[in-house]
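Number of protein chains: 2
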Amino acid sequence: RLSALCCQAVTLPALSCVALCGGTHGNELSGIYLVQETLKNKRKGEAMEAVTVVTVISNPRAVQQRVRYTETDLNRCFTYAMLSAPVSERTPYEIIRSQELNSLLGPKGSGQAVDLICDLHNTTANMGLCLITYADSDWICLHICKHLQARTNDPYTSVGKHGFAMEIGPQPHGVIRSNIFTAMQEAVHLMLDWVRLFNSGTQFDEGSVDVYTMVKNIDYPRDPYTHNITAAVHPELQDRDFCLLYPGDPIFLSFSGEILRYKGKEPLYPFFINECAYYEKGVALLLARKSKVKIPAIQCSRA
Amino acid sequence: RLSALCCQAVTLPALSCVALCGGTHGNELSGIYLVQETLKNKRKGEAMEAVTVVTVISNPRAVQQRVRYTETDLNRCFTYAMLSAPVSERTPYEIIRSQELNSLLGPKGSGQAVDLICDLHNTTANMGLCLITYADSDWICLHICKHLQARTNDPYTSVGKHGFAMEIGPQPHGVIRSNIFTAMQEAVHLMLDWVRLFNSGTQFDEGSVDVYTMVKNIDYPRDPYTHNITAAVHPELQDRDFCLLYPGDPIFLSFSGEILRYKGKEPLYPFFINECAYYEKGVALLLARKSKVKIPAIQCSRA
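Going down the list, the protein sequences come from chains A and B. Quick note on numbering: full-length UniProt numbering labels position 159 of the first sequence as 159, and the sequence is numbered without any gaps. Quick note on numbering: full-length UniProt numbering labels position 140 of the second sequence as 140, and the sequence is numbered without any gaps.
If you are wondering where the hints come from, they were derived from the structure by calculation, not from laboratory data. Being a predicted model, the structure only gives us computed values, none of them experimental. Mixed in with the good hints, there may be bad ones.
Copies of the same chain are indistinguishable here, so a pair counts whether it falls within one copy or spans any two.
Claimed, not checked - When the alpha-carbon atoms are kept at most 20 angstroms apart in a straight line, the in silico DMTMM-like pairs for lysine to aspartate or glutamate are as follows:
| # | residue 1 | residue 2 |
| --- | --- | --- |
| 1 | Lys265 | Glu37 |
| 2 | Lys281 | Asp223 |
| 3 | Lys294 | Glu206 |
| 4 | Lys146 | Glu206 |
| 5 | Lys40 | Glu258 |
| 6 | Lys216 | Asp239 |
| 7 | Lys281 | Glu258 |
| 8 | Lys42 | Glu258 |
| 9 | Lys263 | Asp138 |
| 10 | Lys40 | Asp223 |
| 11 | Lys108 | Glu89 |
| 12 | Lys42 | Asp223 |
| 13 | Lys146 | Asp223 |
| 14 | Lys42 | Glu89 |
| 15 | Lys216 | Asp249 |
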């Protein structure tokens, strides 16, 4: 049956409601100010839209305190188990908040859920503009990615997280850089343009998208007793996100001057190189395999 | 009398004991790892030195939590009033710690105090290597600055803080970048080389040093009700620390796209542009006047 359908566009329901989320991590400022700015312009009274955009500050307490999270990482709280966990006085704020967000934007997996979530993030890594999707067969996300790739300089996509995150860097956490804000703003506009075109019945051609699929991560070298890191990312690797890393290439320079090299057998693509928030997770960089994913032509079923 | 002395070197006491302090701000990582590395090499058993180097992690609690400070900024706790304040259960940790450090390295203003404190800092601003001294007539600091300027690419000096801080950027707080670590390590080695030469009787010639003297600061534009910032540093100003800013030059780009310009009457040198920790202080950048300070020849009085 699938082969008989190969020349026709895949039809998918309209994306009537899009959630734009900033401040899932309270010290990643671009999304926070972009959501606030979007909200301000809404209040000025925009015309009726073919798409409803819901703006959300995901973790307001963390935003107020300018920290990634107050008790636990909100971005890890959207499992079905956590969303249905009983709440007590000792439940971390972020778990309570994830349940609130599930009421607001979900319930997860139900028909009432918003059609598309765009979760805005920053990284200290030099990743440019990167879309992170949870599956390599989400044609909506991959078509949005293709749309952005044709119109901006450096969008990538990768697989591994739940949801659809837009990750932009480099920007220190707790800092807003105008160029990063503008890049995110343009990407969000392009994404919403695509959704409007899709909802209005435009057919998007088949094609292909480069996808980076996470293979493994590498931690910093650490002192076995204190667990303190003993090396920094090598200057030749720093800022080279999505540039192929070959076996034998330097990855760390220890504080005493020793070069440590990549011992893998396969060349892979590093990303999230030296991301601030990943020190505590024991991750100095992630490594990905690159592939070309074919995406079918798609069209809104309503049109 | 002064004119009669002008051809002779100013004699100053030897610098027998130098304190190298990292982690005054717990999320500025270069100094923390440099102090730990220096300590490790000391343990390996260095020969007797012409100078004693005391290494200190200034704010161990903040270092452990990877935050600037736990209750109050330690860097603002070294006034005589705070150093002699009575301690109660409600005294912030950083005030208690400043009194401990005063016992260890001071007492401030006494003959027992260490001879030179080098306090290691990072900034998210693109300031390169910058020495911050508390007075423009501290010949030791200014000679060290001259020594470093001749041997590295970009050291500057400025006036306005108490103590002698070495400030290096750009580096996000909570992140260590190998190039910044190496630059700090080299600067500290050069500084200690200078101290050894000085202690051994070397005469340092008279000369001059460019000094940036802080004139005023500029805050981000803010919403009068929420106090939220409404603009980011303009892309044309971002990363242009120590490049002359002229009246009419853009300084901010608002989130709605409006350019805001420098309204001062005098061209001044911006620095600490978009420093993460200064958002809470209401400082988007500092402005300085540049001058050439003449420094006399100096020599150790002991030699």
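Structure-based check of each hint:
no.: 1; hint: Lys265 x Glu37; in the structure: neither (47 angstroms within a copy, 32 angstroms between copies)
no.: 2; hint: Lys281 x Asp223; in the structure: within (16 angstroms within a copy, 36 angstroms between copies)
no.: 3; hint: Lys294 x Glu206; in the structure: within (8 angstroms within a copy, 71 angstroms between copies)
no.: 4; hint: Lys146 x Glu206; in the structure: within (10 angstroms within a copy, 63 angstroms between copies)
no.: 5; hint: Lys40 x Glu258; in the structure: between (52 angstroms within a copy, 15 angstroms between copies)
no.: 6; hint: Lys216 x Asp239; in the structure: within (19 angstroms within a copy, 34 angstroms between copies)
no.: 7; hint: Lys281 x Glu258; in the structure: neither (24 angstroms within a copy, 40 angstroms between copies)
no.: 8; hint: Lys42 x Glu258; in the structure: between (55 angstroms within a copy, 18 angstroms between copies)
no.: 9; hint: Lys263 x Asp138; in the structure: neither (33 angstroms within a copy, 51 angstroms between copies)
no.: 10; hint: Lys40 x Asp223; in the structure: between (49 angstroms within a copy, 12 angstroms between copies)
no.: 11; hint: Lys108 x Glu89; in the structure: neither (24 angstroms within a copy, 47 angstroms between copies)
no.: 12; hint: Lys42 x Asp223; in the structure: between (52 angstroms within a copy, 17 angstroms between copies)
no.: 13; hint: Lys146 x Asp223; in the structure: neither (44 angstroms within a copy, 37 angstroms between copies)
no.: 14; hint: Lys42 x Glu89; in the structure: neither (37 angstroms within a copy, 49 angstroms between copies)
no.: 15; hint: Lys216 x Asp249; in the structure: within (17 angstroms within a copy, 47 angstroms between copies)
Taken one by one, the earlier hints fail for this structure at numbers 1, 7, 9, 11, 13 and 14, listed in ascending order.
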